[in-house]
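A.B. asks: Chain by chain, the residues run as shown.
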Amino acid sequence: MLAFRSEGDVHAWLERTGNPFGAMIDFAAMWALVQPWYAGRMEPSWRGRSAADAQAIFDGLGLEGDFWRLG
Amino acid sequence: MTDGAPSDDRRSQPVSGGTPTELDWAIRTAIYQNFATTGAAPSYAVLAEQFERTLDQVSESITRLLTAHEIAPFADGTGVFMANPFSAVATDYAVETAGVTVFANCAWDALGVPAILGTDGWIRTHCAERATPLEFGIRDGALTGDEGVIHMVVPIRDAWVDIGFT
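As they're listed, the protein sequences go chains H and Z. Quick note: the first sequence uses the working numbering, first residue 13, plus one each step. Quick note: the second sequence uses the working numbering, first residue 740, plus one each step.
Read the hints as simulated data drawn from the structure, not as lab findings. Because the structure is a prediction, the values reported are computed rather than measured. Misleading hints may appear alongside valid ones.
[What the hints assert, rightly or not] Computed Cβ-Cβ distance ranges for the label pairs, DEER-style:
1. THR758(Z) / ALA41(H): 31 to 37 Å
2. PHE33(H) / ARG878(Z): 38 to 44 Å
3. ASP38(H) / ASP815(Z): 21 to 27 Å
4. THR777(Z) / ARG59(H): 31 to 37 Å
5. ASP901(Z) / GLU76(H): 37 to 43 Å
6. THR806(Z) / ALA41(H): 26 to 32 Å
7. THR768(Z) / ASP38(H): 29 to 35 Å
8. GLY903(Z) / PHE33(H): 40 to 46 Å
9. ALA779(Z) / PHE33(H): 30 to 36 Å
10. GLY60(H) / ASP897(Z): 28 to 34 Å
11. ARG61(H) / THR777(Z): 34 to 40 Å
12. LEU794(Z) / MET36(H): 20 to 26 Å
13. ASN31(H) / GLY880(Z): 18 to 24 Å
14. VAL900(Z) / ALA24(H): 22 to 28 Å
Glycine included, every Cβ here is placed at the ideal spot set by N, Cα and C.
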């Protein structure tokens, strides 16, 4: 999961390295994702998260498509 | 000088596989707290002493936590490699917070550091294509700095097939 200056840089990197396109989101969207994603994970009470709850995070943020499907 | 009662030595207790035990979760917590306060992973020796277990028992705990996608050890099993968002090795995702500077595993985890700590955090990295500096992060609770995008190759459901590559 790499950071790029622009979408154009992503496509140049994909062409140069031969990696397939997966998914791309901007920094603001990632900040919106990591807050619920990492909520509670420092707590001694953390016991993991179900796939259903993880999927709900993606769905709630409008992260759609096969890339974001857990099952 | 025993009276036949079962040994109270935890080191003699048998191994259990499968889902993480309460001790495993406590070890996970200790790993995360060490990263949060020092920027580094605790060694297996430190964990063994803290939890009064053998090195093999700590290794078995880490294996169960790996199965649960909570902790990733080095491939040679000698220590903690990742406790997302924290990396035990230097990466191009250094995150500076008020209390500690840590390495994140990737761009997702770089923003994950201020998220998990509930603090501000400043990321210094580079555009993966241009190799030019990118600096951004959370100040006063808000995202600021350079704008950019994050690309992910591996679909989320396969992230832990090879978490190091992901």
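A.B. asks: List in ascending order the numbers of the hints, as given earlier, that are violated by the structure.
C.D. replies: 2, 3, 4, 5, 8, 10, 11, 12, 13
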